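Trainee: As a plain string of letters, each chain reads:
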Amino acid sequence: MARFVFLGRLRAFGDSTDMVLPPDVRTVSALLTWLGDRHPDFADACAGMRAQVAVNQTIVRDLLQPIADADEIAFLPPMSGG
Amino acid sequence: MNVRLTNTALDVGAELAAFVDGRTDAGALVNFVGYCRDATAGQPVDALFIDHYPNFSERQIAAIAEGICRRFEILDLRIVHRVGRIEPGEAIVLVAALSVHRGPAFDGVRMLMDYLKIDAPFWKQESGPDGARWIEPSAEDLARRTEVA
Chain U
1 MARFVFLGRL RAFGDSTDMV LPPDVRTVSA LLTWLGDRHP DFADACAGMR AQVAVNQTIV
61 RDLLQPIADA DEIAFLPPMS GG
Chain S
83 MNVRLTNTAL DVGAELAAFV DGRTDAGALV NFVGYCRDAT AGQPVDALFI DHYPNFSERQ
143 IAAIAEGICR RFEILDLRIV HRVGRIEPGE AIVLVAALSV HRGPAFDGVR MLMDYLKIDA
203 PFWKQESGPD GARWIEPSAE DLARRTEVA
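These protein sequences, in sequence, are chains U and S. Start counting the first sequence at 1; every next residue gets the next number (the working numbering). Start counting the second sequence at 83; every next residue gets the next number (the working numbering).
Quick caveat, the hints were computed from the structure, so don't treat them as lab data. Note that the coordinates shown come from a computational prediction; the quantities given were computed from them, not determined experimentally. Take these hints with a grain of salt, some might be off.
Said to hold, decoys possible - Residues from chain S shown here face chain U by an in silico Cβ test under 8 Å; the list is partial:
| # | residue |
| --- | --- |
| 1 | 111 |
| 2 | 115 |
| 3 | 119 |
| 4 | 128 |
| 5 | 135 |
| 6 | 138 |
| 7 | 163 |
| 8 | 175 |
| 9 | 201 |
| 10 | 202 |
| 11 | 203 |
| 12 | 204 |
| 13 | 205 |
| 14 | 208 |
Built from N, CA and C at the ideal position, the CB exists for glycine as well.
Work out the full structure, taking the sequences as your base and the hints as a guide.
Mentor: This is how it looks when you write it as structure tokens:
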């Protein structure tokens, strides 16, 4: 089961949630497409603010990066500093 | 070097005392304390909420701080940053640097604060009479973005 973490204004969609990834969702790109189909409001919010994705606490640079069910996948709005 | 994020009030005096305790090699201690104000751009602020990504935020800040230590020949750095709800008058951040002479400590603290204010992995929300709003870096902030290695 993958853990999804939401930060900053994306916490409007929850703090975190655990979800089983479908068998065909095995890259970040596929995940974003899947989320766009299931949760268009969330996908639109991410796209609008140019949110970054982190897998296991590392920012994703390549959308073809593999993901697995044990991963922690975080959605990070632009960082504002403290 | 010590980086700590905390949701409890900062005791600046105790932090600084612990930081210099036992040091005989440092000729300079420079520190900066940032406070939560009760207004931004003329608008009242009741509280701040600073969100962070546990472990990720600490590691990112530590990596930048290590680069600054090397660049300015700083002996040691201490960074303590509040997260969670913060009210006006409370300290948000303490940055302290030790160096042999004063110049590197001043330079290092300034650069680290520029990073923490603009680029650090935090998400800041201000609350006031009109409700809460998330803050994004301004174009001016981004133009001042500090390059550190």
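Trainee: So which of those numbered hints doesn't the model satisfy?
Mentor: Structure breaks hints 1, 2, 3, 4 and 14.
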